[in-house]
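J.: Residue 219 in the UniProt record's numbering sits at position 219 of the sequence shown, and the numbers go up by one each step.
Any given hint might turn out to be false.
What the hints assert, rightly or not - Calculated cross-link-like contacts (lysine to any residue; reagent style SDA-like; alpha-carbon spacing at most 25 Å): (1) 35 - 98; (2) 35 - 72; (3) 71 - 116; (4) 88 - 44; (5) 83 - 148; (6) 35 - 158; (7) 88 - 148; (8) 245 - 197; (9) 245 - 226; (10) 71 - 216; (11) 35 - 94; (12) 245 - 96; (13) 77 - 99; (14) 83 - 158; (15) 83 - 124; (16) 88 - 134; (17) 88 - 101; (18) 71 - 224; (19) 77 - 58.
What the hints assert, rightly or not - Listed next, with one range per pair, are the computed distances between beta-carbon atoms: (20) 210 - 78: 42 to 52 Å; (21) 207 - 91: 12 to 22 Å; (22) 156 - 94: 43 to 53 Å; (23) 82 - 138: 17 to 27 Å; (24) 247 - 77: 23 to 33 Å; (25) 243 - 207: 34 to 44 Å; (26) 93 - 128: 19 to 29 Å; (27) 157 - 220: 26 to 36 Å; (28) 226 - 157: 30 to 40 Å; (29) 91 - 160: 44 to 54 Å; (30) 202 - 115: 26 to 36 Å; (31) 123 - 181: 42 to 52 Å; (32) 73 - 174: 38 to 48 Å.
The set of hints was computed from the structure by calculation and includes no laboratory data.
The beta-carbon is built from N, C-alpha and C at its ideal position, and this holds for glycine as well.
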Amino acid sequence: MNGPLIPLGETGATCDGGLCEMPGADAATAASAPKLTLISFPTCPFVQRAVIALKERGVDFDVIYIDLADKPDWFLKISPLGKVPVLKVEAEGRAPAILFESTVILQYLDETLPGPTLFAADPLDRAVQRAWVEYAGSLLGDVYRLGMAPDRAGFDEARAAVRSRLAPLEEALRGPYFSGAAFSAVDAACAPAFRQLDALETVRPLDLFDGLPRLDAWRRVLADRPSVRAAVPADFREMFLGRLKAAGSFGTAAA
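Can you make the complete structure from the sequences, with help from the hints?
T.: In structure tokens form, the structure reads like this:
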């Protein structure tokens, strides 16, 4: 274990001895399901995807936080890429398995856990959703560059890139969620990016959603969803902005 344990959101984890148990699963599900342990960093948007998916399915899982600036040896041994999220799956009668990469984790959870799936049943619809989950990763990369920009020129360039990345989503989403009435993996993948933009906007106006009314409505619906709200620590905004400010972010300096 490395780093503090932090409760996840309003209905989030109960922590004891370094592990956090998430509420939501009934006794029958808990008895038959594998033990799931998510290795995490409190502000990582890719971890949030996995937490959202787990919360949507209502299963118990444990969380271990690490410090990505000081990765423990045990973590480096199980994470080939040295990144989070990592999901440890301990199923009865099998050796523990380690899953890495958030999209792989989302797909595994969809294929094995009870409850509504986040990927469509139809193969073509499912492939379309997977493509947009990948697109959300590119959006997160642009948002990261926006947050980390050290000066006005870099900030303006990154802001323009984010705006360009958002425009295709306006055309593709059906509403109220990306694929229509049902919450999907694309929603889980995009919600963390919108959360970061919302945090940045508390310091400096971004005006990224001007002229994108459907996208603006979508991000507000996502922000209100219980699984999305509970996917981060209660002090996420302070932690997120604090890390950017410590890195010399132009975006976190008062406008």
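J.: For which of the previously enumerated hints does the structure constitute a violation, in increasing order of number?
T.: Those not satisfied are hints 3, 6, 7, 9, 10, 12, 15, 18, 19, 21, 25, 26, 31.
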